[in-house]
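Undergrad: Here are the chains, one letter per residue:
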Amino acid sequence: MSEKYIARSKAVAARVLGGEMMIMSAADSRLFSLSDVATVIWEAADGCTPLSEIVDRRVCAQFDVPPDVAYRDAEHLVEELATRGILSISTQPIAEAAAERPAPEAP
Amino acid sequence: MSLMQELVGRALELGVPLSAHLDITYRCNERCEHCYLDHEDHGEMSTAEIKDLLHQLADARVFFLTLSGGEALMRRDCFDIIEYARSLMFNVKLKTNAVLIREKEAARLRAMGVEQVQVSVYSHRPEVHDAITKIPGSLNRTLAGIRLLRSHGMRVNIANVLMRSNRADTTGVQALAKDLGAHYTLDPTITPMMDGNTSVLRLRVDGSDVSSYFHDPTLVGDVESFCAPPVPVNEDVLEGLPCSAGHTSCYISPYGDVYPCVQFPITCGNVRREKFIDIWRDSPRLNEVRSIRLKHLTTCSSCTHAGSCTRCPGLAYMEGNMRGPSSADCEKSFVRTGIVTAGMMAKEGRSAGKSGLVQIEL
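Line by line, the protein sequences give chains A and B. So the number in the working numbering is just where the residue sits in the first sequence, counting from 1, plus 110. So the number in the working numbering is just where the residue sits in the second sequence, counting from 1, plus 16.
Pulled out of the complex, with its shape left as it was, chain A reads as follows (with noise of 0.2 Å):
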């Protein structure tokens, strides 16, 4: 089995709300809205962080679901995500991955 990397798009809006995560695509302005563990994978989707850390150290760290299970469904999710412009998927890290937030600056 390959490795899997994934980058959350830079072409989305996000934002979360009463605890959930928003999401919309510039590219035709569709919205979506993530659920819990859908969340947690694209907030880590840093683009060289492999799949099955990010579900091995997130995701069963937040949930109760067997490893095996956990990445099954995250397998799925990121490939459900990917066809709708929301991340890309790579076997090889993703070196054009939306940044994280920039820290304040001093006005």
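Treat the hints as calculated values from the structure; they're not laboratory data. Predicted model, so just to flag it, every value in this text is computed and none were measured. Glycine included, each C-beta is placed from N, C-alpha and C at the ideal position. Honestly, I wouldn't trust all of these hints.
[Stated by the list, open to error] Chain B stretches covered by chain A per the calculated footprint, using a threshold of three residues with CB under 8 Å from any CB of chain A:
(1) 23 to 34
(2) 129 to 142
(3) 253 to 266
(4) 297 to 311
[To be verified] As a list, the in silico BS3-like pairs of lysine-lysine whose alpha-carbon atoms are at most 27 Å apart:
(5) B/K120 / B/K194
(6) B/K150 / A/K120
(7) B/K109 / A/K120
(8) B/K150 / B/K109
Using the hints provided, position chain B relative to the given structure of chain A.
TA: Quick look at chain B alone, frame taken from chain A:
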């Protein structure tokens, strides 16, 4: 219920300013005859101040951010600001006249993930458009900018502000938008100047023109539905909110002043003196705006149009009473249905026949 309606409902419930409109400058490279702004720079926020504000807006959970002006691209740091806003994951819409958009700018906007660019086009005829902007050659430069944006796959919305001088050109601008692959919005709202000067209102189109637009299916879709008689007024209607201004949306000027809406010039605080979230939560004026329900409106609560009128509280405020009627919207309801409004009756019908409309999106 759509996901967007759910999102707005949740924002309302949580007291979240889901949408913010930030004018980063009032300076402009055009001098449009209907413009409500003073284009002199009276001390715009610096780049660092705007970036700090953007952080505050993101922390307040603003999702939809409209960046505008004046002409936003008159600021040398405009792209820096947009890039920063995108790094904070705002959904960014840019309003511009596109005159300063070249290949590099169009490509950069696309690369930054700006969702939409709105461009004002007054006419498909240069002599009409340029007479409104008072800049010879402006239509050609604007159209060149739009073409570049479209060539990079940007979504462009052409806003066609309607006035007496260009009222014959809506069909031409619609055709132009179609040719360019742009969305078209007819915007017949002419608002008084920010300082209350109402001289620009003379540019509004007449009621007879408005009636013809309201009965044009290419502009309003289902005419029968659009011009249907008012819906019955019940308790739910009377408990309703006049609009989203101050509830889930706000406006911030280049000088840091916070308002409920760009069309509602009641200053609620300044982000140079207070944190945005403190203004949003605690401003007495914002809380006053939020406290108003339809049942509290002095004249409109007894109007047969109460349930279907698009009354703008900002326009009402500029007429002297945020709880009063907006005569422009009274006139629109009348033209749409043929039924006189309570506001018009209160004024003994003196205002009937003039127009003031809301946007019609196609």
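Undergrad: Next step is simple, just say for each hint if it's right about the structure.
TA: Here is what the structure says about each hint:
1. For the region 23 to 34 of chain B, the assignment as covered by chain A holds, since 7 residues bring a beta-carbon within under 8 Å of that chain's beta-carbons and 3 suffice.
2. Coverage of a stretch by a chain is defined here by at least three residues with a beta carbon nearer than 8 Å to that chain's beta carbons; for the region 129 to 142 of chain B and chain A the count is 4, and the condition holds.
3. Here's how the region 253 to 266 of chain B fares: 0 of its residues keep a CB closer than 8 Å to some CB of chain A, so the rule of at least three is not met and the hint is violated.
4. Check result for the region 297 to 311 of chain B against chain A: violated, 0 residues qualifying (beta carbon to beta carbon below 8 Å, three or more required).
5. The straight-line distance between the Cα atoms of B/K120 and B/K194 is roughly 24 Å, inside the 27 Å bound, and the hint therefore holds.
6. Between the alpha carbons of B/K150 and A/K120 the distance comes to roughly 39 Å, so the proposed pair goes past 27 Å and is violated.
7. Of the pairs offered as hints, the one joining B/K109 and A/K120 holds, with about 15 Å between alpha carbons and a cut-off of 27 Å not exceeded.
8. For a cut-off of 27 Å, the pair hint linking B/K150 to B/K109 stands: about 26 Å separates their Cα positions.
Hints 3, 4 and 6, counting from the list given before, are not met by this structure.
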